[in-house]
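> Protein chains in written order, with numbering that gives the first Met the number 0: chain Z, 0 to 199; chain Y, 0 to 221.
Keep in mind that the hints were calculated from the coordinates and are not lab data. Ideal Cβ placement from N, Cα and C applies to all residues, glycine included. One should not assume that every hint holds.
Said to hold, decoys possible - The following label-pair restraints were derived from C-beta to C-beta distances:
(1) Y/123 <-> Z/62: 36 to 42 Å
(2) Y/182 <-> Z/19: 53 to 59 Å
(3) Z/120 <-> Y/41: 41 to 47 Å
(4) Z/101 <-> Y/113: 55 to 61 Å
(5) Z/69 <-> Y/25: 36 to 42 Å
Said to hold, decoys possible - Sample of chain Y residues with no beta-carbon within 10 Å of chain Z, all distances over it, derived:
(6) 7
(7) 15
(8) 78
(9) 84
(10) 86
(11) 87
(12) 125
(13) 214
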Amino acid sequence: MHSGACALTNPAPPLLSASGLGMIRGERVLFRDVSLTLGAGEALLLRGPNGAGKTTLLRILAGLTRPEAGAVSRGAAMHWFAHREGLKPVETPRTHLALWASAWGSGADCEMILTRMGLARPADVPARHLSAGQRRRTALARLLLEDRPVWLLDEPYTALDAEGRKLVDDLIAEHRAKGGALIAAIHGEAGFAPSAEVSL
Amino acid sequence: MSRPAPILAAFRQAFGEAWAGGAGALLPLGFLGGAAVLVPLGIGSDGDTLRAVGPGIIWVALALSSLVTLERIFQADTEDGTLDLWLQADAPVSAIAAAKTLAHWLAAGLPLALFSPLLALMFQAEASGELILFAGYYALGSLAFFFWGGVGAALSATVRRGGLLISLIALPLFVPTAIFGALAMSAGPGSTGAPLLLAASTLFACAVAPYAMAAALRLAAD
Numbered sequence: 000m001h002s003g004a005c006a007l008t009n010p011a012p013p014l015l016s017a018s019g020l021g022m023i024r025g026e027r028v029l030f031r032d033v034s035l036t037l038g039a040g041e042a043l044l045l046r047g048p049n050g051a052g053k054t055t056l057l058r059i060l061a062g063l064t065r066p067e068a069g070a071v072s073r074g075a076a077m078h079w080f081a082h083r084e085g086l087k088p089v090e091t092p093r094t095h096l097a098l099w100a101s102a103w104g105s106g107a108d109c110e111m112i113l114t115r116m117g118l119a120r121p122a123d124v125p126a127r128h129l130s131a132g133q134r135r136r137t138a139l140a141r142l143l144l145e146d147r148p149v150w151l152l153d154e155p156y157t158a159l160d161a162e163g164r165k166l167v168d169d170l171i172a173e174h175r176a177k178g179g180a181l182i183a184a185i186h187g188e189a190g191f192a193p194s195a196e197v198s199l
Numbered sequence: 000m001s002r003p004a005p006i007l008a009a010f011r012q013a014f015g016e017a018w019a020g021g022a023g024a025l026l027p028l029g030f031l032g033g034a035a036v037l038v039p040l041g042i043g044s045d046g047d048t049l050r051a052v053g054p055g056i057i058w059v060a061l062a063l064s065s066l067v068t069l070e071r072i073f074q075a076d077t078e079d080g081t082l083d084l085w086l087q088a089d090a091p092v093s094a095i096a097a098a099k100t101l102a103h104w105l106a107a108g109l110p111l112a113l114f115s116p117l118l119a120l121m122f123q124a125e126a127s128g129e130l131i132l133f134a135g136y137y138a139l140g141s142l143a144f145f146f147w148g149g150v151g152a153a154l155s156a157t158v159r160r161g162g163l164l165i166s167l168i169a170l171p172l173f174v175p176t177a178i179f180g181a182l183a184m185s186a187g188p189g190s191t192g193a194p195l196l197l198a199a200s201t202l203f204a205c206a207v208a209p210y211a212m213a214a215a216l217r218l219a220a221d
């Protein structure tokens with residue numbers, strides 16, 4: 000980093016890297032010695048059967064769970080999208096986005112995001128009356144509130160219809176084109192070309 | 000780096016939830032009112048007896064109603080995934096937890112304290128300015144109850160049916176506040192010693208409880 004030549008041989012530091020991660024749940028070793036790095040524009044796919052620890056690994060990367068071994072170094076802000084959407088039963092998609100826009104100090108146009116996510120019609124319906132897919136779309140909409148280089152996605156396609164899956168693929172493509180990166184745990188076919196896969 | 004925005008947002012969300020989720024102040028108020036109505040039925044309508052036990056009953060009802068309110072504040076956050084988002088927010092978890100507790104106190108605790116003069120009248124207390132002063136004591140004390148109750152709620156955030164657990168954890172922590180509160184009332188309006196101790200116990204709760212809540216919430220997410 001001291002000279003131009005050095006910067007050429009030393010590319011930008013990774014957005015996220017982890018080395019030697021290991022986790023124990025109960026008396027079982029969930030996974031051990033997992034290392035990964037994530038650079039700009041990359042998409043890492045987490046593969047593994049149910050119970051292999053994909054969600055746990057994502058939680059460790061997000062800083063929510065402490066690993067038994069290894070370390071994570073985070074070089075950029077992250078978005079977290081998981082099974083539990085983070086929606087209160089009384090919140091509507093509109094109030095939900097407004098709340099997190101204010102919490103994150105985002106100046107994004109919530110109306111535009113709602114339209115983009117296909118939530119214009121149920122925008123004022125409380126979450127307890129929304130369908131599972133609509134709840135997922137609302138949570139996905141949070142990704143657009145603020146530009147964060149790293150997305151951690153746990154089963155992003157769950158409960159979404161064909162149009163919703165397409166939407167996820169489009170969001171991911173745009174995100175990567177802007178230099179963003181993501182790690183996604185996905186069963187089955189991913190609608191984007193991953194740069195690498197990690198098997199648990 | 001942290002900004003006040005996430006803390007304010009947490010406060011607003013909790014306040015909205017308190018009013019929408021459990022009918023807000025009405026539920027604890029009904030609880031307090033119901034408890035107060037039952038007492039004269041149980042111990043008779045003798046004025047002197049009622050006057051003597053009235054303040055104590057109100058303290059107990061305040062303590063219990065804070066526990067009723069707090070049962071789900073962090074448990075719901077764990078279940079719907081909101082906790083994960085708050086833990087990642089750009090603000091100390093202790094400040095977020097304190098903001099949420101304060102919101103619930105404003106929605107459920109403070110209205111109870113404001114209602115206490117009316118209940119005192121039901122216990123045959125003489126209508127006087129003293130009752131307003133006592134309402135202030137109740138407000139101070141209930142703030143401490145909510146902060147300690149919040150610690151219990153955070154510790155039992157991942158426990159299904161954690162209500163009983165919250166009571167077990169929080170009730171012992173209520174003791175100093177209840178003692179100083181009762182002392183302040185029996186000492187009457189002119190005294191300063193006991194009210195200051197009551198205020199000190201509340202300040203202690205406000206200063207310590209948020210850190211305990213933050214540690215418990217991180218553990219709940221782990």
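> Classify the label on residue 15 of chain Y as holds or violated, using whether its beta-carbon is more than 10 Å from each beta-carbon of chain Z.
7 Å, violated
> Holds or violated: the 36 to 42 Å window for the beta-carbon distance between residue 123 of chain Y and residue 62 of chain Z?
Check failed, 57 Å falls outside 36 to 42 Å.
> Taking the minimum C-beta separation from residue 84 of chain Y to chain Z, is that value above 10 Å?
Violated: least Cβ distance 5 Å, not greater than 10 Å.
> A cut-off of 10 Å on Cβ-Cβ distance, and residue 86 of chain Y was said to be off the interface with chain Z. Does that hold?
Given a closest Cβ separation of 6 Å, the condition is violated.
> Please confirm whether residue 87 of chain Y is truly not at the interface, meaning its C-beta sits more than 10 Å away from all C-beta atoms of chain Z.
6 Å, violated
> Holds or violated: 53 to 59 Å for the Cβ distance of residue 182 of chain Y and residue 19 of chain Z?
Distance hint for residue 182 of chain Y, residue 19 of chain Z holds at roughly 58 Å.
> A range of 55 to 61 Å was offered for this pair. Does it hold for the Cβ distance of residue 101 of chain Z and residue 113 of chain Y?
29 Å, violated
> Over 10 Å to the closest beta carbon of chain Z is the bar; see if residue 125 of chain Y clears it.
Its Cβ never comes within 10 Å of chain Z, the nearest being 43 Å, so this holds.
> Is the distance from the Cβ of residue 69 of chain Z to the Cβ of residue 25 of chain Y consistent with 36 to 42 Å?
51 Å, violated
> Was residue 214 of chain Y rightly flagged as not at the interface, with every chain Z Cβ beyond 10 Å?
Since the minimum Cβ distance to chain Z is about 13 Å, residue 214 of chain Y lies beyond 10 Å and the statement holds.
> Decide, holds or violated, for the assertion that all CB atoms of chain Z are farther than 10 Å from the CB of residue 7 of chain Y.
Per Cβ check, residue 7 of chain Y is inside 10 Å of chain Z; nearest 7 Å; violated.
> Just tell me: holds or violated, for the beta carbon distance of residue 120 of chain Z and residue 41 of chain Y against 41 to 47 Å?
This hint is violated: roughly 55 Å between Cβ atoms.
Going through the hint list in order, the structure does not satisfy hints 1, 3, 4, 5, 6, 7, 8, 9, 10, 11.
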